[in-house]
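Line order of the protein sequences matches chains A and B. Using my numbering, the final residue of the first sequence is 667, and nothing's skipped along the way. Using my numbering, the final residue of the second sequence is 368, and nothing's skipped along the way.
These are calculated hints, taken from the structure and not from any lab test. Incorrect hints may appear among the rest.
Claimed, not checked - Quick list of simulated restraints, FRET-style, between CB atoms:
(1) E355/B x K493/A: 28 to 36 Å
(2) G238/B x C473/A: 37 to 45 Å
(3) E211/B x H386/A: 31 to 39 Å
(4) R316/A x E248/B: 26 to 34 Å
(5) E248/B x P463/A: 26 to 34 Å
(6) E239/B x P463/A: 44 to 52 Å
(7) K304/A x G238/B: 30 to 38 Å
(8) P463/A x G238/B: 23 to 31 Å
(9) D178/A x E355/B: 50 to 58 Å
(10) C622/A x E355/B: 37 to 45 Å
(11) T606/A x E211/B: 42 to 50 Å
(12) G238/B x A419/A: 21 to 29 Å
(13) K304/A x P350/B: 51 to 59 Å
(14) V354/B x K486/A: 55 to 63 Å
Built from N, CA and C at the ideal position, the CB exists for glycine as well.
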Amino acid sequence: MMKKLLLGDFAVARGAWEAGVTVAAAYPGTPSTEITEELARYDDVYSEWSPNEKVALEVGIGASIRGARTIVSMKHVGLNVACDPLFTASYTGVNGGLVIAVADDPSVFSSQNEQDTRLTAVSAKVPVLEPSDSEEAKEFTKLAFELSEQYDTPVILRLTTRVAHSQSLVELGERTEPVLKGYERNISKYVMMPANARVKHGVVEARMQKLEKDSDSFAINRIEEGSKELGIICSGGVYQYVKEALPHASILKLGMVYPLPFGQIEKFAKSVKRCVVAEELAPHIETLVRAHGIQVEGKNIFPLCGEFSANLIRRCVLGETNEIASANVPARPPVLCAGCPHRGVFYVLSKLKLNVLGDIGCYTLGAVPPLGSMDAVVCMGASIGMTIGFDKADPEAHKHSVAVIGDSTFIHSGITGLIDAVYNRSKITVIILDNRTTGMTGHQNHPATGKTIKNEPTYELDLAEVCHAVGVPNVRTVDPGDLAALEIAVKEELEKEEVSVIIAKKPCALLTKKLYNGFRVNDRCKKCRACLKLGCPAIVNGKDGITIDVSLCTECGLCKSVCKFGAIDGEVK
Amino acid sequence: MDILIVGVGGQGTLLASRVLGRYALENGFDVKLSEVHGMAQRGGSVMTYVRIGEKIASPIIDEGGADFILAFEKLEALRYAHFLKPNGKILYSTQEIMPMPVVTGVAEYPREIETKLCGKGIDALQLAMEAGNAKAANSVMLGALCKELGFDREKFQQALLASIPQKTVEMNRRAFALGYEAA
């Protein structure tokens, strides 16, 4: 058997492949993106970037009903988008196994909130498996397909950032020969209208009760006997911290975190003097265990926010004081990259002092000083709806507010907002930041790049045509590297008493793999600091005056165009 | 051995951890790596964990738990210095990248970082440019790390060259050698 060092996400992909998956769908989202990127490398799996998570899950449900083993992947907030199909797919159940890999982000490394997928799963009545490293990520994925088919339910595979984005050793297995199961029309199972749904709700409740009972004997819920003084109930990545911090404690490691094996939990709690539930984020296990009448410690000693570590476990369980003071140094928040095409847009918006309703993507960093031009960011696609809200609440707002939204985010869920704007006679201006890729998650294709997930050519969605088609009267495309033209475009469109869309089109700076020489500052520099307002990480204000870090500069030319003294040498290519 | 790799998003900390992982694996050890993707990779402060041993549980390293820190930027070296064990070592690039609060003037880049760090500084940016391009600074640092940790030079270099695009192999080989000799 071959062992390989694999990212947790890659291990999920490998597990899906070994389980005989033939269909995979996803919308990119950190830390889940690499599951589907990896699956796209297998020729014998159909994989796609869907426009959003709802569509991805609907593709998954269809493929499952037709008989294929199917995996759908997303981040925690993506599951919100996919909740509508999820809650009813729980009722229809499956034909081919259906696994939904959902990656949570404790400590909010790259998300807009810190929600806990396990709570959504409880509402949807869908079982949840939670692996603790890459080996389990692969094995649990395979098991999830078996459970899905055996119990006629979608199964959620819950990951967290530390499992999805850690690498550990995995033993590779062979692929189970994929089977396309037979399909027969079954109206009472798959057509969820009231008469059928009423019946199905009872079926779902019975399924979860049976699964709860059966889970007492599941091998993935296991007791590791240690000291009788202290017992820890844990799952997922937290298990690894517990092993490290409390090597002598007894452990009940839960592989399935919903429903819970109460028989085993009861036995375990009785066998130790002190029983503690260690879980990141919500007190999900703790609440259910307490409701079952079993006394445990939990969030009375552990935090509700942020990820855990071995030190934190020692601190909370043993009362150790092990915090070490760090040096007091300036923070280094993320910034728009040198050469980022979004920089010009935010420079102009900042200069014009506009209200900016933002969206989810790299360009959320337009909120960071010195650009600092953003008023609100909530979720994918929200910029357009929120701008309509500004407009409807304040008759003057449309003259000084804009929505900014990325190309991929616009396709994900901005189009419906734009239809609302036109339909309800709003006067808003929308700027689509078209950098020709899904940037933040690491450059995935989308419908407007004209390439599929496998980089094969396909129909290229024309964003301007979409805007025309939904009835936007003013649509124009500008180069965000041309600050003067951009400023004129924004001012003109704000003046109009109808919907306008400005498409600021320039590829992401990271897409060009060129090696640059970088610009140089000459002795005409008057230290007026105008260039510093760009917030470009390549422009350095150091002891020797203003210089350019040639290791970062991509020769985009923005600094040259804001310098009134011709103090920057270099040619914009 | 627990190694923390720190730097500024985009400097190549992910590549460095993967090279270390590959090398450790080839030498028969258990390895766990933990990475940061997404927003923090956009010019923010980043850290990547590399844990090598007989059997590793947690993929992350706690404060006071690192045997070695490889820092691609001087301020980042200082930011994470408290992750070192009392007898741990730090190897840092003397490159300074100004964080945005310094650029906008609300904070100052700390002075005399060298005196606060017990470790070795390498002018990786200068050496990388000598090797052909500033982007090769991470290979310079890996060359220096290889010597500091007493790794097998040939095998470790091979792990690096197998992890990068073919057309940059020669430049990175030069950068690795310059780093190795500078350490």
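Here is how each hint holds up against the structure:
One distance hint, 28 to 36 Å for the beta-carbon pair E355/B and K493/A, is violated here, with the actual separation near 58 Å. Checked against the hint of 37 to 45 Å, the pair G238/B and C473/A passes, with Cβ atoms roughly 42 Å apart. E211/B and H386/A have their C-beta atoms about 49 Å apart, which leaves the hinted 31 to 39 Å range violated. A hinted range of 26 to 34 Å for the beta carbons of R316/A and E248/B is consistent with their spacing of about 31 Å.
Judged by the Cβ atoms, the range 26 to 34 Å given for E248/B and P463/A holds: they are separated by roughly 29 Å. For E239/B and P463/A, the Cβ-Cβ distance of about 47 Å falls inside the hinted range of 44 to 52 Å, so the restraint holds. Between K304/A and G238/B the Cβ separation comes to about 42 Å, which falls outside the hinted range of 30 to 38 Å. Separated by about 43 Å at the C-beta atoms, P463/A and G238/B break the suggested range of 23 to 31 Å.
Checking the proposed 50 to 58 Å range against D178/A and E355/B shows it holds: the Cβ atoms sit about 54 Å from each other. Distance hint check for C622/A and E355/B: the Cβ-Cβ separation is about 43 Å, which falls inside the suggested range of 37 to 45 Å. For the pair T606/A and E211/B, the beta carbons lie near 34 Å from each other, so the given range of 42 to 50 Å is not met. Restraint check, G238/B to A419/A: a C-beta distance of roughly 28 Å satisfies the suggested window 21 to 29 Å.
In this structure the supplied range 51 to 59 Å holds for K304/A paired with P350/B, their Cβ-Cβ distance being about 53 Å. As the Cβ distance of V354/B to K486/A is approximately 59 Å, the hint placing it in 55 to 63 Å holds.
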